[in-house]
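Working from the sequences, and respecting the hints, build out all of it.
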Amino acid sequence: MSSVAREWREIPGRYNLKGSKCPVCGKVYFPSRDLCPHCRRASIGKMEPYAVSREGEVYTFSVVHEAPECNNRQKPYVVAMIKTSDGIMISAQLVDVDPAEVKIGMSVRAVLRKLDADGESGVIHYGYKFVPKR
Amino acid sequence: MREVAIIGVGVTKFGELWNSSFRSIGIEAGLKAIADANLAGNEIDGMVLGNMSAGQFIKQKHIDALVADYSGMASNHIPCTRIEAGEASGGVAFRQGVMAVASGMQDYVVVAGAEKMTDMDDTSINSVLDTTADAEWEASMGLTFASLHAMIAQRMIHDGIATREEIASMSVNSHFHGALNPNAQFKKAIKLESVLYSSKVADPLGMFDCAPISDGAAAVVLCPLEYAKKHTDAYVKVSAVAQASDTLALFQRDDITSFMATKVAAKKAYEMAGITAKDISVAEIHDNYTVSGIMALEDLGFFERGKAGKAVLDGQVQVGAGKLAVNTSGGLKARGHPLGATGVAQIAEIADQLRNKADKRQVANAKYGLAQNVGGTGSAVTVSILEAI
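Protein chains in written order, with this note's numbering: chain A, 1 to 134; chain B, 135 to 523.
Calculated directly from the structure, the hints in this document are not laboratory data. Mixed in with the good hints, there may be bad ones.
Said to hold, decoys possible - Straight-line distance between alpha carbons at most 30 Å, and here's what the computed DSS-like set of lysine-lysine pairs gives:
1) Lys334(B) with Lys133(A)
2) Lys334(B) with Lys75(A)
3) Lys501(B) with Lys363(B)
4) Lys147(B) with Lys321(B)
5) Lys133(A) with Lys18(A)
6) Lys27(A) with Lys397(B)
7) Lys363(B) with Lys103(A)
8) Lys321(B) with Lys491(B)
9) Lys322(B) with Lys501(B)
10) Lys444(B) with Lys103(A)
11) Lys75(A) with Lys325(B)
12) Lys334(B) with Lys83(A)
13) Lys46(A) with Lys103(A)
14) Lys334(B) with Lys103(A)
15) Lys83(A) with Lys397(B)
Right, dumping it as structure tokens:
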């Protein structure tokens, strides 16, 4: 069970794939960072918002058969590391697909979906998942 | 810096220890180690304790105070410090203990690792494991700790680094040795087919690719090398302890089929000990999942990239088979994996090998042994090298 604030402050990343860009070296990051690991102090206070591409391909994946309680209803479900078209890696679920048809290299795009909920009366978590690009 | 020795070793049985509480297993290992070192409790200057998640598993934090109290050390008022570094908690605790002795700050230090996992239900236990990954951007997205390793395996197979059978064979190797270790959770050899057709956890990994849920504790006693002989003839030298970090989330890495933190820690450790990978005769590596073990054998420099899987499948790393014996204790898979205890249990096994106290699984004439302990998906790694005297 997490607080509403913990969810709320991550909305730009979770809903809109907002990461950050270092204006010093030009590198882009997801999730957003307050400091560029390469430029460190030179980047503090200067990191800019960056919208990560919503399209990419499957870099690797797995079909989850043993799931935590909150995802039990969905299993088996597919998780994947997606390399977006601008070269950023993101881990997420891959949905609207037959697990047997998932392949490395498959083209996918981001969608907004319900992730899980903190019980019956708690916060409902939304965020990105990916679907095959048809 | 002073040179450091291990003069005592103590390990509990690993497994589902329904009759034992966290308090009792932690103390059992420590007392065994102190007795093995021929020391009296009053001679101990400090304790370091590796533990990952007592706060979640038994809803008890401040276990440093608990262990000091129940081991009778609270009346001596010596310092006890708890270390948490995911599943590398034990390895990092060992390094902290070695640094305390090497620096001259303390002379006799007990390093213990303990975890009591089975006081919680199975589903919740796995969710605790997931907390060593990135909670905000991996676990909360539905990725389990097993699935992160499964994705590594999937990519290794895709890139031709290892086959599914080669990856699975790591479990066969660990079980082969577990059958020889009276303290192991699983004392039974298994066939490759048992791994390949075990119930699915996260494709391509099945139940037999994954280390079990375990209770257990391990402890070692450290002192300056020059004092060791006063207490025992059965001591070993700590030749190196190295630790390295990497990103918390797996997806932030350039390469996921190799753990850079293992490579960096190994390089430092070999330099500190003045040896190379070829000098190691026995190694305990972090096979929390089979794929992690295969990766570790390459990252530690024992095999070239793409060669470790075949060597394991061919039985080359079994005790007595070749130049290097791997996970003679049974590894995390068969000895058991009480998270914070694992790193210290690895050190205990290597120390026993180098002291000729490993019974049926004894490696002949070993001079150097290595232990690799991993937290998260390669986010924190310790590599330690011990030397026979």
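**Report entry** Violated hints, by number in ascending order, as checked against the structure
**Finding:** Numbers 7, 13, in rising order.
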